[in-house]
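Peer 1: The primary structure of each chain is shown beneath.
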Amino acid sequence: MQQPFRTAVLVLVWGWLLLLVLAPNLLVVGASVMTRDSATFISLPLNLDAYRQLFNPLYLDVFLHSLYMAAMTTLVCLLIGYPFAWALSKVPKQRQMLLIFLLIVPFWTNSLVRTYALKLILATNGLLNNALMSLGVIDTPMQMLYTEGAVIIGLVYLLLPFMILPLYAVFDGLREDLLRASHDLGAGRLSTFIHVIVPLTLPGVLAGIMLVLLPAMGLFFVPDILGGSRNLLVGNVIKNQFLDARNWPFGAAASIMLTLAMAFLMLAHRLSKRRIGEDGV
Amino acid sequence: MSRWLPRTYLTLVYMLLYVPIMVLVVFSFNESRTGYEWGGFSLRWYEALFNNRAMVQAMWNSLWLALSAATVSTVIGALTALALHRYRFRGKRVLNGMLFVVMMSPEIVLAISLLGLFLLVGLQLGYVSLLLAHVTFCLPFVVITVMARLNGFDEALPEAARDLGASDFIMTRTVLLPVIMPALLAGWLLGFTLSLDDVVVSTFVSGPSYEILPLRIYSMVRVGLKPEVNALGTLLLVFSLVMLMLSQWILLRSKR
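Those sequence lines, one after another, are chains A and B.
Under my numbering, the final residue of the first sequence carries the number 281; numbering is consecutive throughout.
Under my numbering, the final residue of the second sequence carries the number 256; numbering is consecutive throughout.
These aren't lab readings, by the way, just hints derived from the structure by calculation.
Any given hint might turn out to be false.
Stated by the list, open to error - Partial pick of chain A residues on the chain B-facing surface, computed with a CB cut under 10 Å:
{"hint": "1", "residue": "Val21"}
{"hint": "2", "residue": "Leu22"}
{"hint": "3", "residue": "Leu88"}
{"hint": "4", "residue": "Val105"}
{"hint": "5", "residue": "Asn125"}
{"hint": "6", "residue": "Asn130"}
{"hint": "7", "residue": "Leu132"}
{"hint": "8", "residue": "Leu160"}
{"hint": "9", "residue": "Met262"}
Just so you know, these numbers come straight off a predicted model, no measurement behind them.
Glycine included, C-beta positions come from ideal geometry on N, C-alpha and C.
Excised from the complex, chain B in its bound form (with noise of 0.2 Å):
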């Protein structure tokens, strides 16, 4: 088969997956309000962006909700990937099973079935839901990012460790945490990137007290076009991108 076939056709496919995502940032420096015709370059959206308060505000509780999901989750996926790795105990297999089973269900049903849970404990849907859920879908993959790291390790360390009478605690400490840090600081910054951009799971269990910004984007681009969220996903997609960039060249350093 001749070479330039298989070319055009990435190049083809690259490109349907990018233009839309082009147009949105070179749409969010138009004059125009309209938003089809080109009239001009301009920062207004973004002026209108950061002087509307309720956007910020928004903004902010994204942030931290994302800063607190990313972290809380990284904790505790640690640790899971820790004692499926090192430890065995009673229903080890289940424990895999139920955060594959969350990795892989619709989020839709994650959602809804922690909305039950909330209410009937009366629990007031606000931040503190939004946390508990975050951290429950992000932790699956924290998971996996620091298991793969820990089954390409040389089982003699901890040994080693054990031998010279480190205690358990100790060495997690300073032998392998040393050792599973890219993919701890990868696995934070997937939790982070995922949180931010949740729609499905938080449309269900945020309240009025906690707006958070991919549900105030919802409510604005349900109807018709805004051109502040030309802006606002422009911003999103910068960030986004050095995140990925971090988490990427983190993994690859590691690797050397």
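Bound-form chain A, shown alone (with noise of 0.2 Å):
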């Protein structure tokens, strides 16, 4: 009686993931070992000419200068968003329910909309330069819109929640006895917080990393909303390479290399959560 509609089930769910998320991922690898075809996109022979030329000095330059973009946004958020966490997790809890939902408003928003919004603000003739000039503390607009700077604010706007969010949840979870019993062994505060609670929040910080890192080398219409030509992200480059310059080769390695750093960032926290252990968080 039982067995027609747990088969249904697991052919149904099944049969989704392996249409629309394994198969086109191996199609990716396969396009990404393929020939170039201005007529069918990819065609044979196998080899590894999209590899190569992920190194040619003109995208190696694209790609240094978009993760280093990226590392900015990363720290940026960071340096934000720890001491934020840290006086979230302090206020008492019932205001705390709606601080978050304050954090959460935003990603629930159109993040194009948002992009935008800062347009209004760093243009040239915007609201930042205006206010300065009636400050008086500059004389002449600043050119604030289309540089590197733009696109790191942009891309700090957009993902400090998701930075802010994995870190309150390990500051939430950190045991105030721990906390007292490194300050009852003589521990002073700069002590206790190195030794103490930055070892203990590591997961929450790499989480935090894992989940701006990525997306701030992906998210194409920043840059091309705030950072002009010269500001690309490695989002821009497959971007391109695949409705543009059809070259899907190319844009297919590239898109394994964001995934290999997915990869390698998601060990990197699975191997400090298990360093901490299960008890200590």
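Got two chains here, each in a separate frame; can you build the complex from them with the hints?
Peer 2: Right, here's the structure in full:
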């Protein structure tokens, strides 16, 4: 009696995932080792040209610049987010709920529209320049839009909640008795921070890095709106290769590099969790 | 440590997060065309928005896509969660792993892989390709929401139903479904919002036959400033806010 239902459910679920997750991903791996073809996108023979092209100085520069902007974004998010999550975990529980709600509201609102809102503020005759000029801080408007800084600001603005939430989770689970024990054993504030708090919050830090660093390399619309043509992300390269240049093997190889970066970060996260053990956090 | 320091800091960061949104809302009511100077209160940009046929069409397209993607992903996601929760089967860890990979992998990777698949099988890019793609990236979020609900659930009830002679299907419908209902609604709302906001995946898998709102906004904001976008952004903001409050309310109420 129960078998048909079970079978139907399993077939549906497996079918969907195999067809729309596994098969497409294998296809990308396959495309990355094939040859570019203007008519059919990809064709035989198999080769590693696309991967070699990744190290072409022209693209290598773009990738390194993208990695630099993503790393800066992650660093800024961490520097803002770490104390923020700590302070948040100290707020009375009742108010914490509201504050977390306020943190996820932006996650639910259109990221494109929020990026555009930054443009209103950063433009040459925008609000920030006007405000600074009327305060007498600067005489002539600064060029803020279409710079590397604008891209980083945009990425931080979109990704900050993704850094804060995992950090908040580890701070919230931080046991007061461990901190008191450290204090009782004679450790000062700084020493407790370095030897107790930092190691215990490390999984949250790594989770946050994972959630920020990767999207910070892929969100191609941020440079499109705020960065001009010189501040490209890996995402812009992949998009151009697939939609404009029609060089699928190269686009596929670039996206596989992103996937490998993700796998590496996930592994680091897992290892850090194992080192601390289930008991610590 | 004194108490005002953390509080000032929290307030400051919240201000940074919300100032751009507030600027957008305020400027959507700005009469002036240049967009930087306040030229008096006006609803002209809202009017311009609704007089733009292509825009209204894109709005309907987006709403319909979000509705269908949320519904399909909720059905499949709920069944997946039930299967993961109740059944032992081979490859369970692989299934879990695949869902995790979908959630974690950069959207652009998912986007190009799906584009490759659709072109390979000769699927015309449009509503169907968008639907398949949106359901796929919404799926893990629904599964997680429903799983969280199922994990805190008393196992004795399904056992009792089984002992009383209910088949798996009947038991699922009469015992499990009412339990996971709040999670289903919350998952549906999340899927709806994710679909409505998606830019990255849609850029790749949509075709000229089915224009959706985020892509229309994208082409508008790439060059210069468009005051209509302020109005549209404000509407989307209010809409998402209502959806979010609805889902929180459903989850909170179900906990009591």
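Peer 1: With reference to the structure, classify each hint as holding or not holding.
Peer 2: Outcome of the hint check:
no. : hint   : in the structure
1   : Val21  : holds, 5 Å
2   : Leu22  : holds, 7 Å
3   : Leu88  : holds, 7 Å
4   : Val105 : holds, 6 Å
5   : Asn125 : holds, 5 Å
6   : Asn130 : holds, 7 Å
7   : Leu132 : violated, 14 Å
8   : Leu160 : holds, 7 Å
9   : Met262 : holds, 6 Å
Hint compliance for this structure: hint 7 is the single one not met.
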